[in-house]
Amino acid sequence: MNSQSSTKTIVATGLGAAVFLVLFMYVKVPSPVPETNLQIAYGVSSFFAAVFGPVAGFLVAFVGHALSDFIQYGSPWWSWVVASGVGALITGLCAKKVAPAVEEGRFNTSELITFVIWAVIANAVAWLVAAPVLDIVMYSEPASTSFLQGVTAFGLDSIVSCVIGAILLKAYASTKTGKGSLSKDI
Amino acid sequence: MKIRTFSYDQLDTFVHRLSGLSKLVCFLLLTTAIMLTYDIRIILAIMVLSYIMMMISKIRYSQIKVMLIYVFAFLAFNFILTYVFAPEYGVKIYGTRHQLFSFGGPYTVTLEQLFYQVTKFSKYLSVIPLGIIFILTTNPSEFASALNGVGISYKICTSLSLTLRYFPDVADDYNSISLAQQARGLEMSKKAKMMDRLKRIAGILIPLIMTTMDRIDIISNAMDLRGFGKHKKRTWYAKKPLKRNDYISMAVCLAVLIISLYIRFAVNHSIYYNPFQ
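Line by line, the protein sequences are chains V and A. Under the working numbering, think of the first position of the first sequence as 45, with each following residue one higher. Under the working numbering, think of the first position of the second sequence as 781, with each following residue one higher.
Just chain V, same shape as in the assembly (with noise of 0.2 angstroms):
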């Protein structure tokens, strides 16, 4: 991001942070695995996040995550809010390639799969490292629940990062007019 657009960041950060907010909080959507949701919301995340970047995507996942702990529990559970801004910190690393191709109008196959790569990534690193290992060092939970709440989560948000975040990449991207998409009628 250039000097120019961090306003636009900075206030993409703010308003992706309660779209994340809301999400989390009132949309659940009932998933194979009994007793656990979907959380739609690490869509926008990586979706922000891809658009703007890591810090932004990092932003964006911590502050909703932490402010709808607050709202709903209290108080946050740190180790998970930590991981869901992972999460979207090294999802915000395919921007380099997808952003830009995204402002131009363009989500093809080759952005599709630096998004779909980096997402999958991230969710590891998130949810099969950073969650269990901050719970066991945090919180001192016992090691395998940790890793068995780790690995679902890992599971349904890699498919919902991957599925609703390039669903609204690729929209977001055919809202944008591409470079030379204008020709000369002789």
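If you're looking for bench data, these hints aren't it; they were derived computationally from the structure. Please read these numbers as outputs of a predicted model, since none were measured by experiment.
Below, a list of computed lysine-lysine pairs in the DSS-like style, where the Cα atoms sit at most 27 angstroms apart:
{"no.": "1", "chain 1": "A", "residue 1": "Lys979", "chain 2": "V", "residue 2": "Lys72"}
{"no.": "2", "chain 1": "A", "residue 1": "Lys973", "chain 2": "V", "residue 2": "Lys214"}
{"no.": "3", "chain 1": "A", "residue 1": "Lys935", "chain 2": "V", "residue 2": "Lys140"}
Derived coverage of chain A by chain V (criterion: at least 3 residues anywhere in the stretch with Cβ under 8 angstroms from a Cβ of chain V; other residues may be distant):
{"no.": "4", "region": "848-855"}
{"no.": "5", "region": "864-878"}
{"no.": "6", "region": "899-912"}
From the three backbone atoms N, C-alpha and C, an ideal C-beta is built for every residue, glycine too.
Add chain A to chain V, keeping to what the hints say.
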């Protein structure tokens, strides 16, 4: 869908009069203290302190009822999960074994496991009132200035106050888009397959994200026109100056943290308090 936001009340109590900055610092100090200990004596002391503060700040039961139900459901689930997956964790920690009775198989109930799980339960329970006090007694506009006060860049703080400001608007948008799509026959129930459900929720998300992107353009243009981000520092309209009571409360919370660390490293020599030896 019921929209539930911070129900901040403008009251005049000791806790409300404190500046947002000192409440944030106290919250962080006390939650760190709880996070770093498994000593039930410290946890209970902080719990008593925070429930007294909750009474002083005149938080009504009706304000926190829904929150408490969520918390108890979560804690009960966590309690059972911990036992199912690690029934011998307490024995491992405390190094002794006082068996009470057995469910058969590896599932025996030991005094150590019970003590461990009760400690853990009260550990989580004692954090809740701290967060509730902070959220319900801090003016949302003051929240950003408080974060700026602990050294976070004002750009991040501005983005946070935008989140708080636009959260109800986005929730309203979501609600009307969702109703409109359902009126057009969008099936969101359990009958649809998972992939279909994901695609259909995109039918709500796409309009929501597009209106949000428009809004981002409008707000950021308005902020650019007013020269946002030109200077390195910013002042806050809602900032409260620190008074004597602010320093006293921060000192008390810091003392609690130091005492809990002292007990952990000099008295217990471990994160756990072991009454079995």
